[in-house]
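Student: Starting from the known structure of chain A, fit chains B, C and D onto it as the hints suggest.
4 protein chains.
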Amino acid sequence: MRFTYYRTIRLSDTDAAGVIYFAQLLSICHEAYEASLETVSIDLRTFFDNSSTAIPIVHGSLDFLRPIFCGDRLAIHLFSRQLQENEFEIDYSIYSRSCRAECLAKAKTRHVCIDPIARRRTSLPESMVRWLALEPPLPENR
Amino acid sequence: MRFTYYRTIRLSDTDAAGVIYFAQLLSICHEAYEASLETVSIDLRTFFDNSSTAIPIVHGSLDFLRPIFCGDRLAIHLFSRQLQENEFEIDYSIYSRSCRAECLAKAKTRHVCIDPIARRRTSLPESMVRWLALEPPLPENR
Amino acid sequence: MRFTYYRTIRLSDTDAAGVIYFAQLLSICHEAYEASLETVSIDLRTFFDNSSTAIPIVHGSLDFLRPIFCGDRLAIHLFSRQLQENEFEIDYSIYSRSCRAECLAKAKTRHVCIDPIARRRTSLPESMVRWLALEPPLPENR
Amino acid sequence: MRFTYYRTIRLSDTDAAGVIYFAQLLSICHEAYEASLETVSIDLRTFFDNSSTAIPIVHGSLDFLRPIFCGDRLAIHLFSRQLQENEFEIDYSIYSRSCRAECLAKAKTRHVCIDPIARRRTSLPESMVRWLALEPPLPENR
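Chains as they are written, first to last, in my numbering: chain A, 581 to 722; chain B, 581 to 722; chain C, 581 to 722; chain D, 581 to 722.
Possibly wrong hints are sitting among the right ones.
Because identical chains cannot be distinguished in the list, a pair is counted as satisfied if it fits within a single copy or across any two copies.
As the list claims (entries may be wrong) - The list that follows gives simulated cross-link-like pairs (lysine to aspartate or glutamate, DMTMM-like), each with its CA atoms no further than 25 Å apart:
#, residue 1, residue 2
1, 688, 623
2, 688, 667
3, 686, 706
4, 688, 611
5, 688, 629
6, 686, 611
7, 686, 669
8, 686, 667
9, 688, 715
10, 688, 665
11, 686, 715
12, 688, 706
13, 688, 618
14, 686, 671
15, 688, 669
16, 688, 671
17, 688, 643
Quick caveat, the hints were computed from the structure, so don't treat them as lab data. This structure is a prediction, so every number in the text was calculated from the model and none was measured.
Chain A with its partners taken away, still in its complex shape:
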């Protein structure tokens, strides 16, 4: 899946150092993931309630290249790929919408599909395999 999510940095995203609170950027990347799930009509409420399958994040990382401030308008480019039948990874590249040449940060999350009762790995549901295979019909250029 390739997807671009647009997001303005809000006061609640920042801290007293005057920039984005570092861990908040991972949260904004997760918003991009959720928005991309919505494009293939996955219902977020049932998706995250973990009743049949759960897809927890087992690893996350982020790298800051430049400071991000309140009011900054970001474009988060998401690229996901399947690693195993029960595992996938998402790469996020965070750019400024006003200066597209400038990468502000990068992040990564790895997700594993489990049976929430047995807490054992299980195959990704059909809907997620479809989401992983999806390429957007046209390049993003809005």
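Tutor: For chains B, C and D alone, kept in the frame of chain A given last:
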């Protein structure tokens, strides 16, 4: 000022009770306030750094009428009015975009303009008086 | 129930205006509520999963009297009282631990007990009635 | 520096999947960092306002080994070490206080000291070099 802000509830907005974390709704209302400031070209980074004037929130309240879930698409209607030359209030009405007849919650914030050094009340800056007086050119109907 | 909760303001509690993010104070008050529930051996994980009864917050309010900064060590005094057989209210007074005469903020939450399936009001569980009636054996003075 | 920080998981730390919201664990690790700075009398308010030197996080990562629930009482073991004269790294190991043999998660942050005006690397301040060199007088066993 009258303004409508559209926002989808994200996983980070929710808690283990399965619904929105109550205090998070006030934060989403503040996002609506920030988005409305951007419509009159107020720069959020300098607006909130409090170097010349600061406009802290002195009071906030919220009332929940119905539960709000992950993935819910909300419309937050904001209405602000000046109370004194150094004070204004914002009312927020939170509706579901899929069922417009249903008010989900209401909230209110009161803001006071102060000199951040002397910590004494001072008149609202020109830009905020203009923001307060603004009515949208057309009814919101997207 | 009367209870005092001690809490240091962390960087994640603050915003780019250099003080606590206003809605975060309601969240800190909720921490005080949770800590008070633990003193009567209520298990928070099952308490909040809402399987048998749910006790959502229907109203919250907060008033700021003085600015609160990163590193500030707070004492949150909580006082709860039953309003009806299915409803209670909590008052919070937030003080600085270094200057006890100075009230920094006040907050309030109102909680209603419901059957989470029928979404109708139901009597508060025994454990909560006991929690509400509890007075600490000695005044707090650590 | 070696330090142990004790922290109970609160409702606001969790999400609708019923466990801790993943990015929140990095935030809790940062709390441990802040608490360790307080043990050497670093004033957090001036430390984070970035007026003379700023020490932003340039990299963060986290690995989840087991689910973490509301009410869980954690011990976060922090171990920091200097990498260069302007750079240090912190390792965090997150354990359950009730079952000490069980590591729940691991995390890492890397911090770089910069001149906030020139945005160029500069040597770590004396206080941070001292903090990095510090070993606790006795093993943690409370």
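Student: Compare the structure with each hint and give your call.
Tutor: Hints versus structure:
{"no.": "1", "hint": "688 <-> 623", "result": "within (23 Å within a copy, 31 Å between copies)"}
{"no.": "2", "hint": "688 <-> 667", "result": "both (14 Å within a copy, 23 Å between copies)"}
{"no.": "3", "hint": "686 <-> 706", "result": "neither (29 Å within a copy, 31 Å between copies)"}
{"no.": "4", "hint": "688 <-> 611", "result": "both (13 Å within a copy, 23 Å between copies)"}
{"no.": "5", "hint": "688 <-> 629", "result": "within (23 Å within a copy, 29 Å between copies)"}
{"no.": "6", "hint": "686 <-> 611", "result": "both (15 Å within a copy, 23 Å between copies)"}
{"no.": "7", "hint": "686 <-> 669", "result": "both (14 Å within a copy, 19 Å between copies)"}
{"no.": "8", "hint": "686 <-> 667", "result": "both (20 Å within a copy, 20 Å between copies)"}
{"no.": "9", "hint": "688 <-> 715", "result": "within (19 Å within a copy, 33 Å between copies)"}
{"no.": "10", "hint": "688 <-> 665", "result": "within (19 Å within a copy, 28 Å between copies)"}
{"no.": "11", "hint": "686 <-> 715", "result": "within (21 Å within a copy, 34 Å between copies)"}
{"no.": "12", "hint": "688 <-> 706", "result": "within (23 Å within a copy, 34 Å between copies)"}
{"no.": "13", "hint": "688 <-> 618", "result": "within (20 Å within a copy, 31 Å between copies)"}
{"no.": "14", "hint": "686 <-> 671", "result": "both (8 Å within a copy, 20 Å between copies)"}
{"no.": "15", "hint": "688 <-> 669", "result": "both (7 Å within a copy, 19 Å between copies)"}
{"no.": "16", "hint": "688 <-> 671", "result": "both (5 Å within a copy, 19 Å between copies)"}
{"no.": "17", "hint": "688 <-> 643", "result": "both (9 Å within a copy, 12 Å between copies)"}
Checked against the numbered hints given earlier, this structure breaks only hint 3.
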